[in-house]
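Colleague: Spelled out, the chains give:
There are 2 protein chains.
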Amino acid sequence: MRLPEDVILKEVGPRDGLQNEKVFISTEDKVEWINQLSESGLSYIEVSSFVHPKWIPALSDADEVFSKITRQPGVTYSALVPNAKGTERALKANVDEFAVFMSASDTHNRKNINKSIEETFPVLEEVADEGRKAGKKVRGYVSTVFGCPYDGKVAVSEVKKVCDRLFSMGVYEISLGDTIGIANPKQVDEVLRELVNDFDADRFALHFHDTRGLALANTLAGLNAGITTFDGSTGGLGGCPYAKGASGNAASEDLIFMFEEMGINTGIDFNKFLKAASFIEKALGKPLPGRQLKLLEGRT
Amino acid sequence: MRLPEDVILKEVGPRDGLQNEKVFISTEDKVEWINQLSESGLSYIEVSSFVHPKWIPALSDADEVFSKITRQPGVTYSALVPNAKGTERALKANVDEFAVFMSASDTHNRKNINKSIEETFPVLEEVADEGRKAGKKVRGYVSTVFGCPYDGKVAVSEVKKVCDRLFSMGVYEISLGDTIGIANPKQVDEVLRELVNDFDADRFALHFHDTRGLALANTLAGLNAGITTFDGSTGGLGGCPYAKGASGNAASEDLIFMFEEMGINTGIDFNKFLKAASFIEKALGKPLPGRQLKLLEGRT
Numbered sequence: 001m002r003l004p005e006d007v008i009l010k011e012v013g014p015r016d017g018l019q020n021e022k023v024f025i026s027t028e029d030k031v032e033w034i035n036q037l038s039e040s041g042l043s044y045i046e047v048s049s050f051v052h053p054k055w056i057p058a059l060s061d062a063d064e065v066f067s068k069i070t071r072q073p074g075v076t077y078s079a080l081v082p083n084a085k086g087t088e089r090a091l092k093a094n095v096d097e098f099a100v101f102m103s104a105s106d107t108h109n110r111k112n113i114n115k116s117i118e119e120t121f122p123v124l125e126e127v128a129d130e131g132r133k134a135g136k137k138v139r140g141y142v143s144t145v146f147g148c149p150y151d152g153k154v155a156v157s158e159v160k161k162v163c164d165r166l167f168s169m170g171v172y173e174i175s176l177g178d179t180i181g182i183a184n185p186k187q188v189d190e191v192l193r194e195l196v197n198d199f200d201a202d203r204f205a206l207h208f209h210d211t212r213g214l215a216l217a218n219t220l221a222g223l224n225a226g227i228t229t230f231d232g233s234t235g236g237l238g239g240c241p242y243a244k245g246a247s248g249n250a251a252s253e254d255l256i257f258m259f260e261e262m263g264i265n266t267g268i269d270f271n272k273f274l275k276a277a278s279f280i281e282k283a284l285g286k287p288l289p290g291r292q293l294k295l296l297e298g299r300t
Numbered sequence: 001m002r003l004p005e006d007v008i009l010k011e012v013g014p015r016d017g018l019q020n021e022k023v024f025i026s027t028e029d030k031v032e033w034i035n036q037l038s039e040s041g042l043s044y045i046e047v048s049s050f051v052h053p054k055w056i057p058a059l060s061d062a063d064e065v066f067s068k069i070t071r072q073p074g075v076t077y078s079a080l081v082p083n084a085k086g087t088e089r090a091l092k093a094n095v096d097e098f099a100v101f102m103s104a105s106d107t108h109n110r111k112n113i114n115k116s117i118e119e120t121f122p123v124l125e126e127v128a129d130e131g132r133k134a135g136k137k138v139r140g141y142v143s144t145v146f147g148c149p150y151d152g153k154v155a156v157s158e159v160k161k162v163c164d165r166l167f168s169m170g171v172y173e174i175s176l177g178d179t180i181g182i183a184n185p186k187q188v189d190e191v192l193r194e195l196v197n198d199f200d201a202d203r204f205a206l207h208f209h210d211t212r213g214l215a216l217a218n219t220l221a222g223l224n225a226g227i228t229t230f231d232g233s234t235g236g237l238g239g240c241p242y243a244k245g246a247s248g249n250a251a252s253e254d255l256i257f258m259f260e261e262m263g264i265n266t267g268i269d270f271n272k273f274l275k276a277a278s279f280i281e282k283a284l285g286k287p288l289p290g291r292q293l294k295l296l297e298g299r300t
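Sequence order for the protein chains is A and B. Just so we're aligned, residue 1 is where the first sequence starts under full-length UniProt numbering, counting upward by one. Just so we're aligned, residue 1 is where the second sequence starts under full-length UniProt numbering, counting upward by one.
Watch out, some of these pointers could steer you wrong.
Each pair of labels, with its calculated beta carbon distance range [to be verified]:
1) B:123 <-> A:20: 52 to 58 Å
2) B:299 <-> A:275: 24 to 30 Å
3) B:270 <-> A:119: 38 to 44 Å
4) A:190 <-> B:107: 42 to 48 Å
5) B:2 <-> A:4: 16 to 22 Å
6) A:157 <-> B:194: 39 to 45 Å
7) A:74 <-> B:115: 53 to 59 Å
Some but not every residue of chain B turned toward chain A, in silico, with C-beta under 7 Å [unchecked claim]:
8) 186
9) 189
10) 216
11) 217
12) 220
13) 262
14) 291
To be clear, the hints were calculated from the coordinates, so they are not data collected in a lab. The C-beta atom is built at its ideal place from N, Cα and C for all residues, glycine as well.
If we strip away everything but chain A, and leave its shape as in the complex, we get:
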């Protein structure tokens, strides 16, 4: 088994976790949570999204959150930026890094952002250009890499095409998303081995969902294939609208626990992270699916 010495965990809970929540978490609680996360040793936090508030009311306070958080040195505070209007707001909020997103499957892309894949590229290109002109790094998300709720399996050739276009826009890293939590470790191994034939492994991150309990096994397959950056969401926060009762994102603290137990350094203080997880769980007023939280609280 091939394992790295260090990994980077990128915390996406404040954006990807909250965006599907019906409850509006107060700006004050968001800020407190992000500040606690900042103090845990994380190096990257995706703070919010500059999509139109009509689409994601849960994150309508993105500008205010950015203005109120305490930024720690060494921590990158990023945001999702979907279009020109979002770019304007993101620059005004002085985000550290832009994230752009699209799907590897055309149907999912249309359902999600109302455009074909081809129509999406110029929009993201403009965001990426403006971001880079302002000195921001740009990260890309590609969703449905391992399966689409509409189109089923997604050919690696399609994933490659999308990656190629995103990299050519100056995106420095692509987070490969298992949006509906359908990936299995063998598939992760196979897809990554094909991708790293064409691109460097360190230009990819993995973004798993734990819908079928496979997030940690898939992460192990990713590590073994040479990937060292992983997205996680506090407590496993983040629903999936396509699967009833499905768990959401891989829980960051479950990832941290596995990495550290394997002697892979994350730079994160597990107990401080768990405290931040308990905080947001309480603010949400519902139990989160992350295993470490369950264990802490004595839930099954």
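With the hints as your guide, set chain B onto chain A.
Modeller: What follows is chain B alone, placed relative to chain A:
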């Protein structure tokens, strides 16, 4: 990643899953559950335990369960046999296979069976001898292989000693137990690579607990190290007395799902298995932790 074409899943729920339950499942329900499991394509079911009913009241009806189940051709119906008295009952019940058990850590062995490791060998030897004389295969369980709640880490040299003694008694296979669910994939890889230096990989099975959500990742590490037999418990049934709120055994249907998704044949009909899981969950009257059951029921 090295993956086999086929694996054997050994279902231990009716014994290992039920033994910690406070609720007494009626003999009728046990028999119905085991009959449903038998029809799912499983090749191995650990039906019950012939320990003294005083110690495990939940399994006090072992004799009756064996007499009432419908045995399918090609399915091995085994039982745990702790001592001479248990041997007598197991032979009378005409079990197909004996299972003997002990710990790799002396303190856990003393707490669990009130004997030192050295004192345990002759007892198991007698069981194994009597079983083999009656034409029964004998399987061994070694618990706390990856960590002990009292002694912490367990040296692989200690595990090897216990395995060596068990194999020399004629035990054909040893199930290596992560009794408190503390193993991590790197450790699984390392321990197995040391063990298969001394013994054939096909003489080992892996028995994981999902306490920290690592059962599937550990299973993947086990597959990659050449192991092809895994224990599972329906629905993840089976508590751990040492961890508050801990999940129990690896859920058989979660293992089956992962194997089959990876193209590894189990010979088990997933939907029939899930039906049997729903049956025992209903009989127990409480939600079980297995992920596939949660997904089916829309629980988080």
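Colleague: Now look at each hint and say whether the structure bears it out.
Modeller: Each hint tested on the structure:
| no. | hint | verdict |
| --- | --- | --- |
| 1 | B:123 <-> A:20: 52 to 58 Å | holds, 56 Å |
| 2 | B:299 <-> A:275: 24 to 30 Å | holds, 26 Å |
| 3 | B:270 <-> A:119: 38 to 44 Å | holds, 40 Å |
| 4 | A:190 <-> B:107: 42 to 48 Å | holds, 44 Å |
| 5 | B:2 <-> A:4: 16 to 22 Å | holds, 20 Å |
| 6 | A:157 <-> B:194: 39 to 45 Å | holds, 42 Å |
| 7 | A:74 <-> B:115: 53 to 59 Å | holds, 55 Å |
| 8 | 186 | holds, 4 Å |
| 9 | 189 | holds, 5 Å |
| 10 | 216 | holds, 4 Å |
| 11 | 217 | holds, 4 Å |
| 12 | 220 | holds, 5 Å |
| 13 | 262 | holds, 4 Å |
| 14 | 291 | holds, 3 Å |
Of the hints listed earlier, there is not a single one the structure fails to meet.
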